[in-house]
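Engineer: If you're matching them up, the sequences are chains G, Y and U in order. Take the first sequence: its letters are residues 0 to 353, numbered as in numbering that gives the first Met the number 0. Take the second sequence: its letters are residues 0 to 353, numbered as in numbering that gives the first Met the number 0. Take the third sequence: its letters are residues 0 to 353, numbered as in numbering that gives the first Met the number 0.
Simulated from the structure, these hints should not be mistaken for lab results. Watch out, some of these pointers could steer you wrong.
Which copy? The list can't say, so a pair holds if one copy fits it or any two copies do.
[Claimed, not checked] Calculated lysine to any residue pairs in the SDA-like style (CA-CA distance at most 20 Å, straight line): (1) K53 - T261; (2) K342 - R330; (3) K312 - F328; (4) K342 - N6; (5) K195 - N170.
One letter stands for each residue in the lines below.
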Amino acid sequence: MSQNAPNLEELAQLVNARLIKAIDASINRVATLRDATDQGISFYNNTRYLHDLKSTQAGAVILRAEHAADCPTSALIVDDPYHAYAVIASHLHPRDLAPKSIHPTAIIAADAKLGADVAIGAYAVIHEGANIGAGTEIGSGCSIGKGAIIGANGWLADNVSIGAHCQIGDNSIIHPGVVIGADGFGFAPGGGSWQKIPQLGRVCIGDDVEIGANSTLDRGTLDDTVVEDGVKIDNLVHIGHNSRIGTATIIAGCTVVAGSTTIGKNCIIGGATAITGHINIADGVTLMGMTGVTGSIREAGVYASPLPAQPVKDWRRNTVRYTQLDEVFRRVKSLERELENLKELEALALHQAS
Amino acid sequence: MSQNAPNLEELAQLVNARLIKAIDASINRVATLRDATDQGISFYNNTRYLHDLKSTQAGAVILRAEHAADCPTSALIVDDPYHAYAVIASHLHPRDLAPKSIHPTAIIAADAKLGADVAIGAYAVIHEGANIGAGTEIGSGCSIGKGAIIGANGWLADNVSIGAHCQIGDNSIIHPGVVIGADGFGFAPGGGSWQKIPQLGRVCIGDDVEIGANSTLDRGTLDDTVVEDGVKIDNLVHIGHNSRIGTATIIAGCTVVAGSTTIGKNCIIGGATAITGHINIADGVTLMGMTGVTGSIREAGVYASPLPAQPVKDWRRNTVRYTQLDEVFRRVKSLERELENLKELEALALHQAS
Amino acid sequence: MSQNAPNLEELAQLVNARLIKAIDASINRVATLRDATDQGISFYNNTRYLHDLKSTQAGAVILRAEHAADCPTSALIVDDPYHAYAVIASHLHPRDLAPKSIHPTAIIAADAKLGADVAIGAYAVIHEGANIGAGTEIGSGCSIGKGAIIGANGWLADNVSIGAHCQIGDNSIIHPGVVIGADGFGFAPGGGSWQKIPQLGRVCIGDDVEIGANSTLDRGTLDDTVVEDGVKIDNLVHIGHNSRIGTATIIAGCTVVAGSTTIGKNCIIGGATAITGHINIADGVTLMGMTGVTGSIREAGVYASPLPAQPVKDWRRNTVRYTQLDEVFRRVKSLERELENLKELEALALHQAS
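Start from the sequences, fold in the hints, and give me the full structure.
Structural biologist: Here it is as structure tokens:
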């Protein structure tokens, strides 16, 4: 909860809302329509919740003009209630900042550079030549590699590992257990074993990026692995070496992007998706969850491939049939041919009979 | 191995077994039928291993009455040998407990509360207001967030990260690298970028829960993410924000449960399964491994969707055919129609001809 | 970059190359054909890059004899340019070794054994009876369990967790966040809950193994989980308890191998693949990415199962059709039968008409 509760006018200004039925509310938190008290602000975006709107106890509700009549309390009228809600929620509930201090147990190389108001947690290790931007918070147990550069006003949570010479822009949030800059997976076969290929590139991450817990982004082989500005990556996502993720693309959990693949800008990648290496995905592509991408996608649009769960008896039958798919096409083709023959014979028979 | 070896009567009592052909064995470990010596106890549950049973050197074997005649040594007769084995194995091989002490390098906030006989490992960090229940062991490098509540007799292994205000019940086991309470993946689109939505809920985990290495459970947006009593989660599993996992449900490795999904009680979720967000899965649902769940499942039962691996030549043909599936149905329908026409003409021809 | 640049003769000897058009180059790095300067060595393996070869500024290029004529600079002639490149890159760019010292904050049990020239990072914890081989480097925040044995000349990066009594061979590389030796996922059902089965085995890892960031390898139940020599495992891979991975097999990111599965030697497992438990995969099997393996594979060869991403409209139609696959086969069979009948009638009609 925010300490100094803004009044409704302030919140309305924040999101360019038209305020109606304004009451003298002291709003200090966001809440659901159902749970909100008069100190809470909620939003309404889906007519499924009309009943909740009509009976809400919220101090105010963010909604579109068309729904204002159904709102029993103050309303902030906007075009996009969900986005306005996100802005107001961020305003009312800023991140709980760590004290702007260096914990005495943090180990900081003599030549590392720390900006103003940097916070560094217990048992963090900042290696030689690393550079932490002003206002950034480094959690406990983090390891910042040699020469790594972290931008300003960022937040690295606990136990984050940043490899040598990797870069992260401003305002980025890296959740616990993330590993940035481990070696890419590169080996040359030969003589029954695998020869390691040194991974000499970096991971370069832009501004306003968020990366979820325990995700891994590998350093490039010769060039860099690149994550552009505004990218949001969920938990347990793997980004292979030399890949590039375009501006404002969002990637849901447990997705794997293999090496040397370029994903465009403003893509939406569903969870548990697997994207093969050395391909290109155009700007504006949406992939539904659990999709397999085995080749480049050259046009914006929505793509999918998951099979839906079925009762196991049906699944058994249908997957057997799947392995015979080519056969059924051949049988259909053969039927079509025979039917044509038969139709000709038929015409002949009718002709003869007539 | 247990220090003080119980005799067979004690073990039989532990699992309500009927003891036959009792010998004066000093059993101190579990082992396979094949590897056990006279100090080992084994179990027999599958006639595939009949030969191993007949030739076992084990001191005792846990089995069903119907197999007693084949057992050359002492037998503990029970209805469910595997479960009895698990109970006896847990009795003979208790977890190797850490010394009940606080390592001098652990950093513990002045107002954190530690129950009796708590063990805290090196370089662990316990933040303000956290509460650790009696007898619980916290491994090295763990971070316990502000106001987090951990129950009694639990075990958090190394490098576990528990976010602020999250809760874990009694007797729970959290393996290394687990992240509980990172921010859920919530962003509102708008103006070509993504506005972060503060994640204000907690993760609330019940009693007797086990969570595997490097799994991640995100905090809820407004409500909590909930894991009920007795849930078992394997490694590298992701549970999205606001989801709820019902009592005694078990989830195998690398599964992803997207946000706001409710999974019922006593479900069995196979590994590498992907479950989409905002759906409900009924109690007693079993999902085979690698299943994609794209909608609610309303009835108990076994469900599946994975395609089986095929030789790549067959796979290439069949996946091409898969993309033409709708076409083959249309062609079959068209064949059926033409065949009907033809049959009518045929009848006519025969009639004319006769 | 290497400090003392070898001359071309030295590099040629290293990979048994024939050196032609030798210049007095001082090569100190690898680079792409496009980016290399006269101090760089590159390789050419794919005619797609012929233009880059012809215009390269590299000091030398590794290639096959058949392409020597197109090389404007010194050439190292070999049969396998990619492998030779890997060897030379490893030679020119050795890993940036940590100082061979024990950080004063590392906690090392009195009876742990450290070989010569071991490096141990800040805040690492080496438990009782652990044994670290000569020349091995342990990163900051690592935890090495009781009695664990790590071979010589290895590298464990930051925040790696090695469970009690686990073993790792020589020359192995373990990336950040890896968890080796957490409990396998073993529970016996009974009475509406799950009884934990103690996991008493180890994880035993051979020589020359590499394991990617945040991967997890569980200890065996009674026997060990085994990873043989020369295996390479990518990031976020899960290896279940009692599994065995054969020599020189390579496993790409986000793959899950369930428990008690044996994978042969020299297999290539694509990313995001799911392999069920209790099966065998023969030597020399290649699995394309995102393949589901639901049963044993007994012959070497290439196998696959992923469905390719389709435009969502097509996908919707085709997945509905997928759930009706068995039906279409039955309809085709019925058409075939009816067509046969009709052909007989037709023959009869023609006969009557004639």
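Engineer: Run every hint past the structure and note whether it holds.
Structural biologist: The hints, checked one at a time:
1. For a Cα distance limit of 20 Å, the shortest separation of K53 from T261 qualifies neither inside one copy, at 47 Å, nor across copies, at 26 Å.
2. In this assembly of identical chains, K342 and R330 lie within 20 Å of each other by CA distance both inside one copy and across copies; the values are 18 Å within and 17 Å between.
3. For a Cα distance limit of 20 Å, the shortest separation of K312 from F328 across copies, 16 Å, qualifies, whereas the shortest one inside one copy, 24 Å, does not.
4. For the homomeric pair K342 and N6, neither the shortest alpha-carbon distance inside one copy (81 Å) nor that between copies (79 Å) is at most 20 Å.
5. In this assembly of identical chains, the alpha carbons of K195 and N170 lie at most 20 Å apart only when taken from different copies (12 Å versus 35 Å within one copy).
In summary, the numbered hints that this structure violates are 1 and 4.
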